[in-house]
Each structure stands twice: as C-alpha cells, then as structure tokens.
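Position chain B relative to chain A; hints supplied.
Number of protein chains: 2
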Amino acid sequence: MPSASETRAAGPVDTRRSPWARLTTLELDAVRLTGGFWGARQAINRDAALPHGLRMLETAGNLDNLRIAAGRTRGPYRGPVFMDSDVYKWLEAAAYEGANARPNDLASDITSLIELIAAAQQPDGYLNSYYQVARPGERWSDFPNGHELYCAGHLIQAALALRRARGDGRLLDIARRFADHLVGTFGPGTRVATPGHPEIEMALVELYRETRVRAYLDLALFFVDQRGHGWLGPGRYNSSAHYQDRVPVREAVELEGHAVRAQYLAIGIADLFLETGEQALLDALTRQWHDLVTHKLYVTGAVGARHLAESVAQPFELPNELAYGETCAAIANVMWNWRMLLATGQARYAELMERALYNAVLSGMSLDGERYFYVNPLASNGRDEYLSRGGCRRRDWHLVACCPPNLMRLFASLGHYVGTRDSSGLQIHQYAPARIATEIAPGRRVALRTESGYPWEGNIRLVVDEGTEAPWTLALRAPSESADVIVRVNGTGAAAEPDPAGYLRLLRTWRPGDTVEMTWSISPRCVEGHPWIESTRDCVAIERGPFVYCLEQADHPSARVADLAIDATAPLTSERDPDALGGVTTVRATGSQLDTSSWDGKPLYRTVGSAPPAMRCPTQLIAIPYYAWANREQGPMRVWIPKA
Amino acid sequence: MPSASETRAAGPVDTRRSPWARLTTLELDAVRLTGGFWGARQAINRDAALPHGLRMLETAGNLDNLRIAAGRTRGPYRGPVFMDSDVYKWLEAAAYEGANARPNDLASDITSLIELIAAAQQPDGYLNSYYQVARPGERWSDFPNGHELYCAGHLIQAALALRRARGDGRLLDIARRFADHLVGTFGPGTRVATPGHPEIEMALVELYRETRVRAYLDLALFFVDQRGHGWLGPGRYNSSAHYQDRVPVREAVELEGHAVRAQYLAIGIADLFLETGEQALLDALTRQWHDLVTHKLYVTGAVGARHLAESVAQPFELPNELAYGETCAAIANVMWNWRMLLATGQARYAELMERALYNAVLSGMSLDGERYFYVNPLASNGRDEYLSRGGCRRRDWHLVACCPPNLMRLFASLGHYVGTRDSSGLQIHQYAPARIATEIAPGRRVALRTESGYPWEGNIRLVVDEGTEAPWTLALRAPSESADVIVRVNGTGAAAEPDPAGYLRLLRTWRPGDTVEMTWSISPRCVEGHPWIESTRDCVAIERGPFVYCLEQADHPSARVADLAIDATAPLTSERDPDALGGVTTVRATGSQLDTSSWDGKPLYRTVGSAPPAMRCPTQLIAIPYYAWANREQGPMRVWIPKA
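Protein chains in written order, with my numbering: chain A, 5 to 648; chain B, 5 to 648.
Bound-form chain A, shown alone (with noise of 0.2 Å):
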C-alpha cells in the first residue's frame, strides 16, 4: 500500500515498494545539503565538472556519434564502443543537479541531448551510435565486449534521472522503447544471452521500480542466470572470470574478473534481491562482500588492484604503486554497499561507503573539477606513466571517460545517501549539514535540520522542524572510529550505546525544536594492515575521521617522500589549514628521512651488512587527505608509512 510520500519522486534508487528492503529510501526532494563538506563538491561539480564534461562530450567526438546516428551528420564514429554511456550519465548528473539548486541553469542542454537521443533512436527502440554507425548490421553480435545492453542501462538511469529529478519524461520514452525492444529480444522464449558488462540489470529493476512492468525486472534475473556457464566465452583475457561468467552467481564466494563488471552485477543482484527476496542472491553477495574486506579492498576503499583486465587480484595482493583502483570502481563500491544497507540496514555497509567515497571516489576529481584520475594508486614516484592509465596527473578527459560522468552522476546525488526511513524511524548513514524531510510513515511527516562540522570535526546537531504525535525513532550511525561518542537530547545526555546493527537509537515524541547532539572525538590515527598484505608491512597510514592520509613531495622539500619514516609511536596532532587544498585539517607526525645514498647508482640488491646501516635524521612528517593529492605540483605520494 503506497504512502503518500510515494508520490513524491524518487532518488537513483527507490525501494519505497521493494517488499525486501530493510531500510527504504527517501524521496529526491527529502535531503538537500546544505553547505560542508559536500555541498562544496557538489557546487563544484555543478559550475565546473559539469560544464567541462559537457564540452568534452563535444571534442572527444561522443555527441557527434550521435549526431552521425541521427543522420544530422557525417563522419566516422569516433572513441571506444561505450561513447553513448558517457552522454547518458551527463545526462544523469545534469538531471540531479538541477534537484539540488538551479534547476534551469542546463534545461536547454538537456532538451538538446534529449532531441538528438530521440533522433538518433532507430524505429524498432534499438539504440546505439557505435552499431549504427561503425557496424551496421551486427547489433548484438559480441556480446563479451559490445556494451550495447551497458549503453541502455546507462540510458534508463538518465531516463529515470530525468523522469524523477525534472520531471522530463522524454528520455524515459527513449528508454522504454529501447528496454521493451530487449524484452522482446531476449528471454527464456527468445533469445539467451547475457551483457559481459553488467549495468543493465540495476538499470532494469529501476524501470521496474518506476513502471512496475514486471517484464523488467523478469528480464533483469533472466540476464543474471545466464551467468556462471561460460556462455560468455574466455575473451580476450582467456578467462570466464573477466565476466564474472565463472561461477553462477548464486554459488559465488569471491569477487572476481573486473573490478567494475563484479560489482556491478553485484550491484543489480543485490536490487534483484531487494524485489524478490531470494536469499541465494544476497547471501552470495554477503560471502563476496567479506571475500572483498577481508582479503581485497584497499584501505581507501579503492578495488581492483590489477591493471591488467582492470581485475581484482589474489587475496592479499594490494601493491600501492601498481594499484589499478578505477575511478568507477570506487564509485561502484559505494552504489553496492548502498544497496547492502538497503537489504540489511548494517552500519558496516554506511562505513565502506563513506571510507571509498571520502577517499578512492573523492581522489578521482581534482579540487578544481575539471581533472580526473581514471587510476588512483596508494603511492606515486611522481612520473607520469607511458603505458597504462595510471600515472600522478588527472587528465581532463580520458580516451575511456567512464570515470568523469560517473563522477558527476555521484555527486550530484549525494543527498540520496545521507538517510533512509523504516518503519521505526528515520536513520542517518552520513554526517553533513543538510535538510531532511519526509514521511516515515503516510501523513506522518518529519522534518530535521542538520549541522556538522564533520568530515573534519566529530560533531551534529541535528533540530527537529517538524515532528509527530507518536514516537518514532532516530537512528544515528555510530562513528565507528571513536570510542566516546555523547549524545545530547535537548541538552540532556542520552544512551550512547550502538545497536547491533551499529547504530545509536533515540525512541520518542520528537517535538519542533528538539535538539539532538552527537560529538566525538576526531583524532589522527595509524592504522595497520593484515600481515600477508606485502605493501603495508612494518607500515602504518595515517588516519582521520573518514580520511586516509597521504605524504606528499610538496610538504616535504627537505626530504624524498620514498625516503621518510614514521615514528607510529609518538603523537600525531592535527592542524587546520583553511587555505591549503581548498581547506584541509593536516596531520603532523614525527618521523624521520632515511639516508638511501648509499643505494645511489647501485644494483637493487646487495649482501646484509656489505654496506654500513644507513642513517635516520629526524624530521617531521606533515600529511594531507589522500583524495587532495596531485592538486600541486607534480611530485611522489605515498598513503602507507614505513615504520622508523
């Protein structure tokens, strides 16, 4: 039975009627940031990124593909098969932009993408500029690498975008066509097959959630069972793995093949769960969940550590300067565990999150917006790369731009992670100044206003606007890395012990102008890594709040970042730096600066003891978060610190 919340639209995913989540999702208009942290990267998203993304769309050739599609041009298509992607979640971050602040400011962009879409669309629904214009005639001939059903999922997320945060439906027509084109072209009845890049399956259960056409979502578990028999073929890569077509997926335990591609499935097998409630899927998501954090994930949320095949690697296999990390696996972490939360209502699930969004996602973009790292490595000697898409630069634009939109996409919806409702309450998974406003229950509405000095500071408060007649809950994720948390109802201490589910639950008659405080303390700490991981040995990183810290050359012009040491043992202090990389806390360590110079010129290896023990000065350390690295000049990086 619809609450009358549901009519209000929904954010990029809405489980108001998903019979199996344990937590729903708020509606787009129910949290608006307000400010902070966050609310800076999303202006800049908005009057940088979004722009620049714009004009890049334009000069890497992926609207004149389309333009070509519609017969508005001619020329040969240009850049990789997945171009269309790249203006679908444009498209996307354009769309939830404008339910953050000035919803004209692109309508006129959108409206022109939207016709050239519309033009370029064949008659049949099918719609994809590289088949139509590169290889006429061989639509859905290959599907291991194709991305043609990868380019429709993208183009249902902007649809639904577009739909829910403007509501344009035009796209969604475009999408709708193309979606009942694959309904009526794969299926137990049709035709099998299955895309050797997931995104379709998340994007379908989405059109289902908007449409309730149970054919999507049909389609979508269709797709996935064809998974685990090889049908994909070896590939390239000479293995099954690549396409997660290994294993079926309910019989998976590890995650594997593509960092993206996994988590992807991963991501629409965990919606496919939220509307079916087969608990084969999730609990094949749990056992690659924990494959991933205990024996994969990088300590800033980054995975995937090999460049080849953009793949996960072996348990434990983490080198920091050879890290892949993508961009958009990070981003596809966070999407994932969303989704976890969503399913369980776990706090586990908020703090990967949060630590792959403040670090291996917020790394991706420059401070400025318009530079971007497709690879995101723990340490850089500070060259660039000539092979590979790694190197200690952000590129304005990539050959493969998946990450950049994908970016913007993410940060123009942010406002759809801080919170969800159930039937207790309200929950808070991420601190930031915001608005929240919604129905927990039909005509039950409550409104809060929230202010955080958080990332930085160990505080909310959070002021009641509206309240009920009856009791509901407010749930507050417990910070996870401080052990004195206080919380302060109208000045009032109340009961700071988390849930098992690692959250801090006040139950009553919340009132206009109650007040809810929550402090803790944020102080630098190291972490340490699992002893089989062979980069992090006698090495700690530095932490704070939801930061992973970096050293970087420009703090050091006395010293080589390869040659500095940390004493793990003395205190770290904190300092706030207001001008610094757009206003950053750093971190001071003491450390000292190896003398490597007898190393000079000489082989890489040598007998213990055919050279004296080389000499330590003491020195002191200064570190920046990780995502505000390479924002100077170019120089060496490092996130973990040998031990002095």
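Derived from the structure by calculation, the hints contain no laboratory data.
Every clue listed holds true.
Computed cross-link-like contacts, PhoX-like style, restricted to lysine-lysine with a CA-CA straight-line distance of at most 25 Å: (1) A:Lys-647 <-> B:Lys-647; (2) A:Lys-647 <-> B:Lys-606; (3) B:Lys-647 <-> A:Lys-606.
Same frame as chain A, now just chain B:
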C-alpha cells in the same frame, strides 16, 4: 683476416669477424658440457622437453597451420598470429641439441619440418602461415602486432642453427629467400617499416655474420633507425613506449614497455654495435642496462613487473606476487647480457646472465622438462589464477607458447655461453664441467677440461690438454659473491685479485697437464633490497652461490608460509639433499611463525594498538632454490622473507 678456426661452425652468436667485439665467441663444438648441473638439464631438455614440444606443436595446431599454408590439408588457422615462431624455435633447439650429443636422433623430425616449411613458403619468399591462411592479401598490414618480421627472425635463427649445428643448409635456403624478399620490400628506397615486436634485427645481423651479405645488416639497422618517432602508432595500450617507439634508440635512457620487446630490441642493437662500432648505440644500451639493474630488475633476474602489456614498470615497482617476469624476458636478459659481455668484456654482464639463468629462466621449466611457467612470480599464495597467465602450476603448454621452445633452444645451446677468446687468450665466464677446445689465434689450438662442483660448491679445476708454444692468458670470472677466492696453478698459489673487468688473469705458457684450481666459499647469505622497493621492505632473501632461494609450503607442514619470518642475524646452514627436487642443497634458517589469528575473518586494516601484538613462535625455516618451486604439491611460496 679470418683465422683457421673460422671454418668451424659458430654457435647462436658469431663474433669471430665482428670488428667491435672485445670478446670472440667460440665455435659451436668448442664447448661441450660434460654432466653437472647444466649437463643434467640438457639431458632432460633432450629426452623430455624436445619430444614433448613436438607433440604440443602438433596438438596446438602450429604444424597444421603450416600444412594448411602448404596446401597439404584444410581447416582454419589456429592460435595466435605468431604460431610459426614456436616451430622455428623448436627447430633451433633441435639443431643445437644435435650438436651436443646424439646428432641423428631428431633428424627425421627436422627433415619433415623443413619440407613442410618449404612447401608453405610462397614463390616470392614470403612465409607466414597466419597471413597466408587467415589473412590472405593482408600481409604487412599490421606492423605493431602482426609479428610477421618476428616470425621471419625466428626462421632465420633456426636456419642458422641447422646450418651451423648440423651442416644442413635446407632451411637456410628458405630463410634467405624470405630475407631477400624483406631486403627487396623494406628499406630507404622502398618501404618504411619497423616491427612492433623486435627479433628480426638480431636475426638479420646474424645472417649477415654467416653470409657477409651487407644488405641484411643494413636492413637490421634500417628497422632500428625507424623507431622512436611513433611510427607504430599508440596501439592497444595507447603508448609508443609499449613498442619501444617513444624515443629514438640512440636517445633511450630507460628500459620501457613490453619486457621481451624491449630486450629483443636491445639484443639487436648490441649486435649492430658489434658490427658497426657506433658508440651511440652502445651508450644507449649501457644507460638502459643501468636503468634495469638499479631500478627495474627482480632479484631472480626476472624483468617486467606488469601483467598489463607484459611491461617493465616504474622504477622500484617490483611486486612479488603480482610480478610478471615472463620466462622469455629472462631468456632475453641472458641474450642481451651475452652481447654486452662480448662488446665490453665486463664480468658484470656475465654475472647477470648467471643470475637470470639459474633463477628466472630455470624456473620456467619443471624438473621433468614437460611443464612451463609463463609468469614467474616471487611469491604465491598457492592458489591458481582465473585470469592472466600466472598461477602456481606450470602448464603442459600455453596458448601463447613462446616460452617453452625458447627455453629449449637456450638449454640446448648453453655451452655457447661458457667461454670466449680474445687476442690475449681464453675467458671462462660460467663454471660447469666441460671440455673446451678452440684456437686462440690461427694455428694456436688450446684445449681444457673443467670439473666443477658448481653451482652447489665453489670450485673449478681446469686441466690443460693442449697448450701452445707461446704464453697466453687464462681469464676466470671472479666469483662475485665471495671474498676468499683461492687460485692454484699446478698446486701453487697464484694471484687472486680480479682485474677491473672482474676477471682473474693467469698468463703463462700453458702445457698439457697444467692444472688450475680455483676454490671459493659458497655459503648461504641474506640479501636485502633497495629501501624504495615496497615488496622487499624489512625482508631478506636467501642466496647461495648463483641461486636465489625460497620458502615453499611443502617444507613447512605446520606453518603457513605467509606467517614465516626470519632471524636474519642468526647463521644460515646448508644441507645437501640428493633426493629432493632432483638433488639440491637446502638452506636452514632460524625463524619464527607469526600468529595472525587475530586477523582471521576481520577487515584488512585496523587501528594500531586495537589488538594485542601477534605472538611469534620459533621455528626452523627450510629454503629451496627458487627454480625448483612448484614441483611438489601445490602450495604457497615466497622469496622475500620478513625479518622477525
């Protein structure tokens, strides 16, 4: 002025008329290995690997591809584009093997293959089964990855081997027709080109050495001169560095891109220097060699850290488990260093040959000769790979089977690399039981027998069988790992100070029966890596003689290899185990086993101090030579051992 000995056939490299060679290669029959470590490997190579290889060439389709090209059968082309080269490398191995021991064993197989290749050759001399069968009319259309010139190079090398080792010129006639076709096709006046995978360069220089046809040398130089201007395009990795096409060869500073391509090019350039004396070529190679040994070399002599594009990585980026270390790249390392040694007379090149041979090369073949590693990591968790060519089990053969026949041809021709001569006399670079007979000048025949316990024991005894009337210098490469070298001539101590090039030089008028004994201590030692290599930090590796050692699970039934640590200050002991792994000396070390149970099932990272320190329990470590790993039950392995 050719000496009389020049009428005797040469080995794989013939510098007898190379004006810029400091050292002259010996004739093919000048060195015969007589048992010992490498003699045993040669026997396995002959008795197991070569017959196995021929079966695999049949099974994998290499021979069928040639049969189809020859019109003898029908069917689709199978395998990657360079399948012919595996046939040629096998033929080269068979040719050199015939020179060692049983010249007629393989004669009928060789004849069949030559006849097949002859039948496949096109009237104009062109020969490549892939382009003839699968891409008719498209020859010379894909220089970056088509491998036509690569295959041509291997054809030439095989042809030279058959000519030199068996006096069989049939394949050389075929190869020369192809080479003449190349000379007519490419060059300053005709067509500009350069191959994406070097190999033709060294082959053309060697063909010039055999035939004295200057056009072959000129074409090799032409191909080399074209590089460094991006002519090959960015390719699938979007990088000219992958193809060594980023920087003109004379300006190269770094070893970069695909590890085999980079070194095969270096080999060809070294060969060109030996003939032309162009100093800029040698200078560039010397810079790249320094870049390798000071920045990019594994302790095993493996080259190329990255699975992606099989490439050399950034300086100090040498992960253990993620190491690529293709067997062919280690073989290329041997071949490159051999030419650097011939060009300079410096022992450091012979030392690196030794390191690569006994470790990164040898690990590529199982003890039984019938299973092969493509990827040679320095650590393994004992799990197999779903993706990439790595893993912890050698395979019967590979889809890309360049490595197995490359090992076969190297092992079959190992005697070639034992010694050289120059105007002063004879140089011994590698220690093994052997008979050596050559002319150090026209008419001045010398012959020696060597006996040696090397590589397990530090001794070599040389007995002169034939001397000359005039004095000459016997130069012995000074063992690099030992300071206590003792040299006795006819029982009397002789000076044991190496010259600046790294050789002990004994000048006298040698008489039959004269005996030289060199002894040195071989005891296990711990080596450490440059502090900037994250994968070796706070670790040591054990070496003994030329061998790098490793810990393998099979020797540690009660501990996990990943939990083992070493007391690097405690003495290491050696123990001869004639029954283990074909007979090895194991090394015992004092160590401990870390209790990592507090991490079980936990996230990979935790705050320092949030768990009690892990306990250590003393244990004995048993190390085996690295090359011998993965010949028992599947399990973890590590070369670098954390210090307790």
